[in-house]
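Residue numbering for the sequence shown is 96 to 395, as defined by this note's numbering.
Hint data in this document are derived by calculation from the structure and do not stem from the laboratory.
Each hint should be verified, as a subset may be incorrect.
Said to hold, decoys possible - Lysine-lysine pairs mimicking DSS-like chemistry, simulated, CA-CA at most 30 Å apart:
# : residue 1 : residue 2
1 : 336       : 100
2 : 206       : 100
3 : 147       : 336
4 : 206       : 147
5 : 147       : 100
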Amino acid sequence: MEASKLTVAVTGPTGEIGLAALRALDHSPTVGRVIGMARSPFRPSDHELSEKVEYRRGDVLDRDSVDELVAGADVVVHLAFIIMGDPEEARAINLEGSRNVFEATVAAGAKRLVYTSSVAAYGFHADNPQPLTEDVEPHGSESFYYSAHKAEIEQVLDETLAGSDVGAWVFRPCIVAGAGAPMLIETMVGALPVFGQLKLARRIADQVPFLGPILPDPGIPFQLVHTDDVAQALLAAVDGKGAPGRYNLAGQGAMTVARMARALGWLSVPVPGAAVVSLDELLQRLPGMPPEAAWLTAFR
């Protein structure tokens with residue numbers, strides 16, 4: 096490896112954004128070595144990655160593993176994050192795991208830290224300004240841990256890096272979709288156990304399974320960004336392009352559930368937007384609801 100090329104450590108490289116980031120880093124002439132770490136088994140060769148990409152199993156909650164990962168890294172890319180699942184486990188990994196990564200990055204003397212936050216960090220509030228720009232302070236929705244954690248992690252990052260020489264690039268992508276849209280599908284289907292209570296949608300899905308999932312459409316526009324575009328933004332930050340700071344990431348224009356469903360070969364069922372809001376508010380008050388139910392907040 097040429098001395099002038101970058102060594103990049105990546106947490107959480109096995110997800111949709113992570114794989115796209117690994118491909119971008121692997122193909123970059125400015126990057127000489129990539130070391131990824133996650134809890135699950137992963138072989139770079141299975142994903143047509145070169146020998147430049149290494150992988151080790153580890154947990155961001157294990158500070159020793161994190162220290163070992165970032166030792167000697169010029170840039171640390173932090174992607175590890177629990178999107179769905181048990182809220183307590185998610186909080187430990189998302190908050191304390193991120194703190195470990197940020198503290199280890201400072202201690203290791205890395206040049207740059209690149210972190211993927213989310214537009215969800217702004218929270219889903221009726222008084223949010225339109226459009227949302229980077230100078231709006233994050234204020235996550237407490238009832239939606241994905242949103243709350245993203246906002247809290249940005250605060251942890253600021254506190255940890257204060258006074259250090261580490262430059263931080265923080266990206267806030269909107270809903271991320273790639274080939275086959277696996278992350279998008281996981282997100283949308285995550286809310287289906289709740290949406291599935293719509294008798295018509297459930298009946299059609301049961302009787303005609305080849306039609307695929309049926310999505311309620313409250314008629315609320317939203318934005319998408321392609322995984323490869325997110326990966327290119329991460330690569331630009333790895334190379335130190337632009338100034339450190341916060342950056343929203345979104346594709347041009349807006350999408351609707353009906354249009355997205357057609358593109359995926361799914362069906363959509365129009366529902367009043369007020370019904371989604373009312374259902375979300377009701378579920379927030381009910382004990383024992385599955386964590387996936389919180390995703391209703393994102394569709395209000």
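Here is how each hint holds up against the structure:
1. 336 to 100: holds (15 Å)
2. 206 to 100: Within the cut-off at roughly 13 Å; holds.
3. 147 to 336: holds (22 Å)
4. 206 to 147: The given pair, whose Cα atoms are some 20 Å apart, holds under the 30 Å limit.
5. 147 to 100: holds (12 Å)
Comparing the model with each earlier hint shows no violations; every hint is respected.
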